[in-house]
Amino acid sequence: MSFEIFVLAERMGHFDMMVFPSKEEEWLKVAEGFNNMWQFENCLGAVDGKHIAIKQPPGSGSYYYNYKGFFSVVLFAIVNANYEFTYVSCGTNGRISDGGVIKKTDFYNLLITDSLKLPQPVNMRGIQNKLPFVFIGDEAFSLMTNFMTP
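Going letter by letter, the sequence shown gives residues 1 to 150 in this note's numbering.
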């Protein structure tokens, strides 16, 4: 995470409130929030990236130049049903797409190695097969067992 983003978040008090679930029970509580507020069962978080404009670093060429036409770093975040940050990673160079940015995060490494301690798939009303708990993001992200794009 860039120093400026860290200082801003710290001053706003967000680091004291940001909690990334580390146990199945905590994930179930997040999913309960999505179900209660949005009627979206088995959802563990909404994921997206945001370009943060920067001045071109000396000698960087087009490394930070994004498809929107300016230099940036990408803020990757996961929020719960109440729009509260549960995970933030910032600093990936702007020319990388959201789908590429996620692959540079600790979150992604934990997700693909089944290290997040996510709840096991469950039966849902009216559906015979058990369905996994998922994170949701836009079409920039790849579909996976625990990641979907609505």
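Source of the hints: derived by calculation from the structure; they are not laboratory data.
Careful, some of the hints might be misleading.
Claimed, not checked - Taking CB as the label site, the calculated pair distances span:
#  : residue 1 : residue 2 : range
1  : 23        : 70        : 39 to 47 Å
2  : 123       : 55        : 49 to 57 Å
3  : 60        : 130       : 44 to 52 Å
4  : 20        : 59        : 48 to 56 Å
5  : 128       : 63        : 43 to 51 Å
6  : 60        : 22        : 31 to 39 Å
7  : 138       : 20        : 19 to 27 Å
8  : 100       : 145       : 36 to 44 Å
9  : 110       : 60        : 38 to 46 Å
10 : 59        : 149       : 35 to 43 Å
11 : 97        : 25        : 45 to 53 Å
12 : 37        : 61        : 40 to 48 Å
13 : 37        : 60        : 36 to 44 Å
Here the structure is a predicted model, which means the values were calculated and not measured.
Glycine residues also receive a C-beta, built at the ideal position from the N, C-alpha and C atoms.
Now the hints, each set against the structure:
no., hint, in the structure
1, 23 x 70: 39 to 47 Å, "holds (41 Å)"
2, 123 x 55: 49 to 57 Å, "holds (53 Å)"
3, 60 x 130: 44 to 52 Å, "holds (48 Å)"
4, 20 x 59: 48 to 56 Å, "violated (35 Å)"
5, 128 x 63: 43 to 51 Å, "holds (50 Å)"
6, 60 x 22: 31 to 39 Å, "holds (36 Å)"
7, 138 x 20: 19 to 27 Å, "holds (21 Å)"
8, 100 x 145: 36 to 44 Å, "violated (20 Å)"
9, 110 x 60: 38 to 46 Å, "violated (30 Å)"
10, 59 x 149: 35 to 43 Å, "holds (37 Å)"
11, 97 x 25: 45 to 53 Å, "violated (34 Å)"
12, 37 x 61: 40 to 48 Å, "holds (44 Å)"
13, 37 x 60: 36 to 44 Å, "holds (42 Å)"
Comparing the model with each earlier hint shows violations of hints 4, 8, 9, 11; every other hint is respected.
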